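A.B. asks: Chain by chain, the residues:
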Amino acid sequence: MKIRAILLNLAVALIALVVLFPLVWMVSVSFMATGEAATFPPPLWPKVWTLEHYRDLFLNQGMGRYLWNSFALATLATILALGFTVPAGYAFAKLKFKGRERLFQFLVAALVVPAQIGTLPLFLMLKGMGLVNTYAGALVPWLASIFGLFLVRQYALSIPDEMLEAARIDGAGEGQIFRRVVLPTLQPIIVTLGLFVFLGSWNDFLWPLIILTDQSNYTLPVALASLSREHVQDVEMMMAGAVVTVAPVLILFLALQRYYIRGMLAGSVKG
Amino acid sequence: MTVADPTLTKAGTRDRPSRGRGARERAAWAFVAPAMLAIGLFFAIPVIAALLLSLTDFDIYALANLDNLRFVGLQNYERLLTNPLFWGAMKNTLTFAVLGVPLSIAASLAAAVILNARVVKWRPIWRVMFFAPYVTTLVATAVVWRYLLHTRYGVINWGLTSLGLPAVDWLGDPSTSIPAILMFVVWKIFGYNMLIFLAVLQTVPDDLYEAARIDGAGPWKQFRHVTLPAIAPTMLLVSIISVASFFQLFAEPYVMTQGGPAQSTVTVLYFMYEEGFKWWNLGSASAVAFVLFLCILAITLVQLAVAKRVGAYQ
Numbered sequence: 001m002k003i004r005a006i007l008l009n010l011a012v013a014l015i016a017l018v019v020l021f022p023l024v025w026m027v028s029v030s031f032m033a034t035g036e037a038a039t040f041p042p043p044l045w046p047k048v049w050t051l052e053h054y055r056d057l058f059l060n061q062g063m064g065r066y067l068w069n070s071f072a073l074a075t076l077a078t079i080l081a082l083g084f085t086v087p088a089g090y091a092f093a094k095l096k097f098k099g100r101e102r103l104f105q106f107l108v109a110a111l112v113v114p115a116q117i118g119t120l121p122l123f124l125m126l127k128g129m130g131l132v133n134t135y136a137g138a139l140v141p142w143l144a145s146i147f148g149l150f151l152v153r154q155y156a157l158s159i160p161d162e163m164l165e166a167a168r169i170d171g172a173g174e175g176q177i178f179r180r181v182v183l184p185t186l187q188p189i190i191v192t193l194g195l196f197v198f199l200g201s202w203n204d205f206l207w208p209l210i211i212l213t214d215q216s217n218y219t220l221p222v223a224l225a226s227l228s229r230e231h232v233q234d235v236e237m238m239m240a241g242a243v244v245t246v247a248p249v250l251i252l253f254l255a256l257q258r259y260y261i262r263g264m265l266a267g268s269v270k271g
Numbered sequence: 001m002t003v004a005d006p007t008l009t010k011a012g013t014r015d016r017p018s019r020g021r022g023a024r025e026r027a028a029w030a031f032v033a034p035a036m037l038a039i040g041l042f043f044a045i046p047v048i049a050a051l052l053l054s055l056t057d058f059d060i061y062a063l064a065n066l067d068n069l070r071f072v073g074l075q076n077y078e079r080l081l082t083n084p085l086f087w088g089a090m091k092n093t094l095t096f097a098v099l100g101v102p103l104s105i106a107a108s109l110a111a112a113v114i115l116n117a118r119v120v121k122w123r124p125i126w127r128v129m130f131f132a133p134y135v136t137t138l139v140a141t142a143v144v145w146r147y148l149l150h151t152r153y154g155v156i157n158w159g160l161t162s163l164g165l166p167a168v169d170w171l172g173d174p175s176t177s178i179p180a181i182l183m184f185v186v187w188k189i190f191g192y193n194m195l196i197f198l199a200v201l202q203t204v205p206d207d208l209y210e211a212a213r214i215d216g217a218g219p220w221k222q223f224r225h226v227t228l229p230a231i232a233p234t235m236l237l238v239s240i241i242s243v244a245s246f247f248q249l250f251a252e253p254y255v256m257t258q259g260g261p262a263q264s265t266v267t268v269l270y271f272m273y274e275e276g277f278k279w280w281n282l283g284s285a286s287a288v289a290f291v292l293f294l295c296i297l298a299i300t301l302v303q304l305a306v307a308k309r310v311g312a313y314q
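In the order they appear, the protein sequences are chains A and B. With our numbering, letter number 32 in the first sequence gets 32, and the count goes up by one each step, no holes. With our numbering, letter number 298 in the second sequence gets 298, and the count goes up by one each step, no holes.
Bound conformation, chain B alone (with noise of 0.2 angstroms):
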């Protein structure tokens, strides 16, 4: 690349075959490294490093001085499947996403099939607001809401004892905190799949359900006999994303609850933010980090497994 005279260098760019291919090899790295070398630093090499730093005993000694840092195997492990503050965390989890996954997506699926039909005004508007909550600030509305679960000034409990029914502690007994995130949750995500959904739907011809009305089938018989086949494949794909995400809470119960009542609302994530930066155990939280990614990863596993079997049956 050393050609100074311009006439040399016009004859260089016909020859295009040879010289265009290197350029353009070169640009594509020269495009593409930036990101790949942003992934490799700050995503790759730390997942790396959680997985060694979970086989140490690294914790406030290690972070002051490195030389107090040992290895110690599958000890944090250990220690953590023998911590019931851990297996609490893992079951207010699992609970979570039990009750949050099925409720959510049904939460969407009923906003979808409401929402896409003909004889509803103003569609467009609707979907929009529906949808909004999603894009709100997660810590802002959660502030919001536990204002609106306050047992005695709360608008959700006046709107109970207002129809004669007994108020409830929402976030302050533990047989209830789960169940009132919960409401604030599906509030918040429930547009999401819900727009997934209807694009789904929108590609039903209605000639099907033309048909199945001729046949004589009712709302409920189109809807277990059209539109459930047809969003079937989707549906799967929204569960694995929700497992995931019901897996990954955090900020919910940090700012309504701060993992209370009675540690009733300790996510695994949550668990592992104390374990980590409260009390600065960071190879054990890692190693949290890392059982949370298995379950996440097998549950995952498991429901394209189910999906295989279920389409080889249809």
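Bound conformation, chain A alone (with noise of 0.2 angstroms):
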């Protein structure tokens, strides 16, 4: 029995090593003097510390715009995400209307429909709008989100219709019942919610790749992409480039994570 508990520990140690490994290393180099790491055997920590290519990355690199335009594009999605699904999902759940249930079929069959299919001709639809190249553009696909309807629906399933009803009999509106009852009781599906839309849209690629066609409204991701392809040989600027975009959203997770695996599991368990 001894035995077992040693190697159970030693082999969750094993993938601590392997799944850590990649992101210290990130860390470490990002701090290494120009050409430090492309020497063998690799080095794994800095001889001496320094912060030029973090300095260069905002000076020369336009690193701050890139990071504004990832935080301001992730805020915005959260808050129209927000906007658009949390009443969607609550009037599917709680409230009974005409066509709700063929409306519901819908959404299901088209949950097995990849977003990629559209990306075409909503690239040219966006293109007659004159919205190729804006924030707007890059946040359209945000507004649509099915799954986050779903999971808004689910949780908003466990309201009890006792709290509506007598609600109702108070006189107040569907409006005000649905700020003063049913968000605070919605607080923790919505916090999920938006965490998963704000590192979403932080870590899209594709779209923002697509729509976004001058360097001036590039995303961090986007940036750091073409970034890599001009400066393959400067490893320490790279991993820089690589923290300032990671950091964000790994430490928004790490504060936030119970709501972001509850609602993963919720997500996911009940399909």
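If you're looking for bench data, these hints aren't it; they were derived computationally from the structure. Heads up, a few of these hints could be off.
[To be verified] Straight-line Cα separation of at most 27 angstroms, DSS-like style, residue types lysine-lysine; simulated pairs:
hint : chain 1 : residue 1 : chain 2 : residue 2
1    : A       : K2        : B       : K221
2    : A       : K127      : B       : K278
3    : B       : K121      : A       : K2
Note that the structure is a prediction, hence the values are computed from the model and not measured.
Could you use the hints to bring the two separately framed chains together as a complex?
C.D. replies: Here it is as structure tokens:
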């Protein structure tokens, strides 16, 4: 029994090493002097710690601009996605209206369609509307989140009808009920969905790559991909760029991991 | 609703059944309408338009002037099916999926079974830590892994040579480029399915393991006869989702290999991107998107059918 415990703990330590090493290495190399990482054997720790690559990124490579774009887009996407999906998810769960079942079946069927299929026509549509290379164009896909709608609906189903009925008898309108009764109960799932959208928008690559054509509008992933093509040899600078890109979402996730994991399990186990 | 007299409104609210239902119906529509409008406009219409677009020769000339647009029937599909580059992309994508799905699920399951053991210390911390790569920005960690896999200065080859093994030209050799990218992908995503497996494993009562142990079952037999049956339905769900996600690989080859070497990591989605946004053959790129969708749909249906049959035997 003792041996089994030791072996299992050893296995966990080994997995932890594999999982953490790339991230730790990324941070470590980002503080190395230029060219230090391109030696053999690969150094694991900087000889002299330097901030030169971060300085270079922000002063010469426009990193501040990309950081701002990513932050602004992720924040706007979160606000918009919540504004569109939370009321709809609640209505699908708790309010009866004509055509609800049929609409719901349509949404379930739509879940199997990968969003990438519509990418090309959507691009043409937005081009016609003059939204290519704008924040608005980059935000559009986040408005139409069927997944988010299902997530909210699933959670809202657990709101007791008596609670809503009681508010109605007290003379509250549907809008008031939504604001005063429903929103506070939905608070955990709102945090979860908001977190999903923020991280999703921050990490998204294909759509911003297509729709944001001008360098000044690039988000961090798009900028990093283009930098990494120009600066293949500058390992240290690329690692600093990777740190700037990854750190905000990693910290946000660690701070709110409870919400993330609970929502993820609710969304996937239930399907 | 032109009532101005306050007493009448009061009476109106008391008259609940008829007025309340109408108001509720209107409110429901007001809640649902924005989302449905957005889904219709930015999801449903583009998907249908993609089908139509795939039947046209929409290219860079049509982009400049719509008069150049012609309906070509199934020509895009015919041309795709005779295009060796497209078949190469299909083959690469299938290779990614055939190797990647079992590999990633095995990694997730192994990690979940290990973390589920009570003797492991600090389990909540490991759980979050193993999941963390999943939320990192794909492009950024792909850049990191490109350097870890570097032939001369990469840490992975350093490890290999220290063990006396030959260095591998991971991303530069067509025969190792897919396994190299898969190492990165498995590292990044295994935590997701691990959490799902863990959640299911925690619902298996300890008594079952206890009973198996009393019957003399070793760790392998316990896994085979207690753990595996308990997670079988989840395994199916997870593998369906995994297949779909492996069919949508794009950023990994874009960042790590740019489809190379020798086209060995061009995936279907990468092929679609180049066809559509590099060469501006939007008609033919839409056809690629539809073929991709049909593949995912077909595999999902097959998996569901297999699951039904297996379920019927049990």
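A.B. asks: Are the hints correct? Go through all of them and say.
C.D. replies: Verification of the hints:
1. A:K2 / B:K221: holds, 20 angstroms
2. A:K127 / B:K278: Status holds; Cα separation ~16 angstroms.
3. B:K121 / A:K2: It holds: about 13 angstroms lies between the C-alpha atoms, which stays within 27 angstroms.
Going through the hint list in order, the structure satisfies each hint without exception.
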